[in-house]
Structures are given as structure tokens and as C-alpha cells.
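The listed protein sequences correspond, in order, to chains G and R. Just so it is clear: in the first sequence, position 29 is 29 by my numbering, and no numbers are missing. Just so it is clear: in the second sequence, position 256 is 1256 by my numbering, and no numbers are missing.
Treat the hints as calculated values from the structure; they're not laboratory data. Watch out, some of these pointers could steer you wrong.
Only pairs whose alpha carbons sit at most 27 Å apart, straight line, appear in this in silico BS3-like list of lysine-lysine [what the hints assert, rightly or not]:
1. R/Lys1303 / R/Lys1184
2. G/Lys65 / R/Lys1214
3. R/Lys1051 / R/Lys1184
4. R/Lys1051 / G/Lys61
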Amino acid sequence: MVVVKVLGSGCARCSELEKMCFNVAAENNIDADIQKITDLKEIMSHGIMQTPGLVINGKVKISGKLPNAVTLLHWMQESN
Amino acid sequence: MWFVGVLIALWFIIYLNLESISAFICNIAGLTSVTSDYARSVEFFIFEVPKVLMLLTLIVFLMGIVRSYFSPEKTRALLEKKSLFLGNILASVLGIFTPFCSCSAVPLFIGFVEAGIPLGVTLSFLIAAPMINEIAVILLFGLFGWKTAMIYVSTGLFIAILSGYFIGKLKLQKYVEPWVYEIKSSRQEIGEEKINFGGRIESGYAAVKDIVSKVWLYIVVGVGIGSLAHGYVPADFLAGFMGKSAWWAVPLSVLVGIPLYSNAAGIIPIVQVLLEKGASLGTALAFMMSVIGLSLPEAIILKKVLKIQMIFIFFGIVGIGIIIVGYLFNLIY
Chain G
1 MVVVKVLGSG
11 CARCSELEKM
21 CFNVAAENNI
31 DADIQKITDL
41 KEIMSHGIMQ
51 TPGLVINGKV
61 KISGKLPNAV
71 TLLHWMQESN
Chain R
1001 MWFVGVLIAL
1011 WFIIYLNLES
1021 ISAFICNIAG
1031 LTSVTSDYAR
1041 SVEFFIFEVP
1051 KVLMLLTLIV
1061 FLMGIVRSYF
1071 SPEKTRALLE
1081 KKSLFLGNIL
1091 ASVLGIFTPF
1101 CSCSAVPLFI
1111 GFVEAGIPLG
1121 VTLSFLIAAP
1131 MINEIAVILL
1141 FGLFGWKTAM
1151 IYVSTGLFIA
1161 ILSGYFIGKL
1171 KLQKYVEPWV
1181 YEIKSSRQEI
1191 GEEKINFGGR
1201 IESGYAAVKD
1211 IVSKVWLYIV
1221 VGVGIGSLAH
1231 GYVPADFLAG
1241 FMGKSAWWAV
1251 PLSVLVGIPL
1261 YSNAAGIIPI
1271 VQVLLEKGAS
1281 LGTALAFMMS
1291 VIGLSLPEAI
1301 ILKKVLKIQM
1311 IFIFFGIVGI
1321 GIIIVGYLFN
1331 LIY
């Protein structure tokens, strides 16, 4: 199972990223535990400076922008 | 690549002929009498809207490319271990170019402070980043000419540098929420992908899609209000209370501007009206800076990491800076 954390406290793109993760996982039958992290301390513990941030299995993948769906799928598959 | 070249060439052909094109359209529409209020308003609108939108698209595209060379991480690395004053200058200039969204103000603040960047330097960045943005600069350039745009950039930098410097001198660390200093983040390298120039052009397109789709309506509405005023409101309408003679106009404009929140795209066409109808440049500039640079939502966001005293000091010092700039310009012009 792949653990996906979407870091962000309420920006528009944060919820967009969360939705993308759910869609990509559902469409490709990936067993994913997708969590939305809104607690600032936890967000900052990953060392990002822009939201949304995306952490897959403990690794920061991107921050401050949205990945495209293909890249997102690739990340989820390689971590699975 | 050649495609971008063609688009840019096309842009220049249209832009340079925009005046005759809009005159032509007005002619077909039968708006030949420049004397009526109605015709003046419509003509103004038909010329200004495409002009501003075209300028905006080009600049947002170019800035999208420029910004792809910058990131908050790189900016942080550049600011680490810089002395106070030099750090303030660098932070303010980098604030113009580093991609920044006010929704990320808090993570950015923590990221800077945690890296040991002084509070005053961090705040210089946070003042310059929203205030001096490409939308403000390009609208000023389009509507008032390059001199006003340069004045705005340089005074904005001046305020960001000095406010940050003074705040740094005041040693206000005690007003930062203590938990900020306790965060120990694992600084991970987000394997920075190598992007070629094609990829940077992509970021330019992405910026246009993202920003122009968000602000075009503000511009149309703003210029619309401007056009109506252009045609119908007498030219010295505001001279009494926003002109040079009213000494209280500058501080009042700043006080009114702080709680107001608008992006540059919405406020600048309004500022154009203020100026046209008799407001003085300093007063209008001060109003615009306080609306764009200081805002209630920003204060609420920053409240998560700064104590209320610090927010007041922050807004107070920047506000005073803006007032000084306002008076200065009323004096000069």
C-alpha cells in the first residue's frame, strides 16, 4: 500500500491535488491511503515552503504546484 | 519554438496597430462624435481593454519563464548568512521574481526563519512579494507609462527594504509564536528536475492560463468603471478631497486601503479614474500600495505565526512607509 499525504491548509489547489490523488488511485486500482494534512507543524516538518505539497511514502515529491496526472500515477506506481 | 516566435510577432503587429483597429471598430459602430459622454466612454473602453489584456498576457508569459529560474528554496539559500541591510535589499529584489502565493506566506515564513534568516529580512521578502508583482507593474505601464511603473517598483522596494530593516532592528523575535522556532524540519531535496528551455516556455503558458483566466474579469470591470467615469465624471471631481491641498488625504487613503483587499488587476483601473478626476499621484499611489500590499486576509494568515502586537507593528511600519512615499510624491509632482 502506498501512503499519500497532501499537505496544505485550505488553498484551492490543495483540494484540487487531493481530488487528483483520489481519482488517479481509483482509476488505476492503486491501493492508496490518501491523507489530507492541514496541521501546520506537520506540514512544516516535511520542509516544504509552498503548498500544496505531496508526500508519497515519506518522500516529498512536489511543492507549490500541481503535477500532471501521468506523473502522479508514475509516482504512485513506483512507490507501491 | 517557432510557434512562440510567430505568436509574439503577431502580438506586436496587433498591439502596435491597436489604436487604428479600435478606431475602426468605433467607426463601424457609428461612434464618430467624440463630443458626447457616451461615445467617449465606449471608445475608451474599446481601446483600453484589449490593450491592457494584451500587455498582461505577454508579461505574464515572460514572467512565467523568468520565474521558472527561481524558487523559494533557491531564494532561501541565497539569503542565508547575509548581513542585515544587504539581506533586506536582496530579499526585496528576490521578492519580485520568486513565485509567491499569499496562501503560502506561512510555510514560507517558517521555512525562512527556521533556516536562520533574520526576521527583518524575511519580512522584507513578504512585503515586496505581493506588493511588487508583474500585474501591478504592467497595468501601471499600460495605463500611465513607464515612468509611473518605475516609480512604483522603486518606491515599493524602498518600503520593503526599510520596513524590514527597522523591524529587524527592533528585535521582535519575542512576538513570533514560539512553536515556529521549535520546528525541526527534515530538509529534503525535492530532486529538482532539469528543465530545458521548452519546459520553461511551458511554464510561461501555464502562468498565462492560470493568471489571465483569474484576472481578466477584474480588468474588464475595472476598466469599465474607469470608462464610465472617463466620460461622465467631471475632471476635478476628486480634487477637493484627494488632491494635493488636502493634507489628510494620504493617511486616510492608507487607512481605507488596508482593510480593502483586491488584486492589482482590480484596483489599478480604479486608481486611473482617481488620478484622472483630480486625485494627486502620491495619494493615489499610497491608496493602491495599501490595498495591494497590506490586507486583512494577509494579517489573518500571518496571525498563525505572529503575535498580534507584531502584526500591528508590521502593518504600522509598512503603513508609515507608504504614507511617507505618498507625501513625497505629492511634494515632487
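So, going through the hints one by one against the coordinates:
| no. | hint | in the structure |
| --- | --- | --- |
| 1 | R/Lys1303 / R/Lys1184 | holds, 21 Å |
| 2 | G/Lys65 / R/Lys1214 | holds, 16 Å |
| 3 | R/Lys1051 / R/Lys1184 | violated, 49 Å |
| 4 | R/Lys1051 / G/Lys61 | violated, 40 Å |
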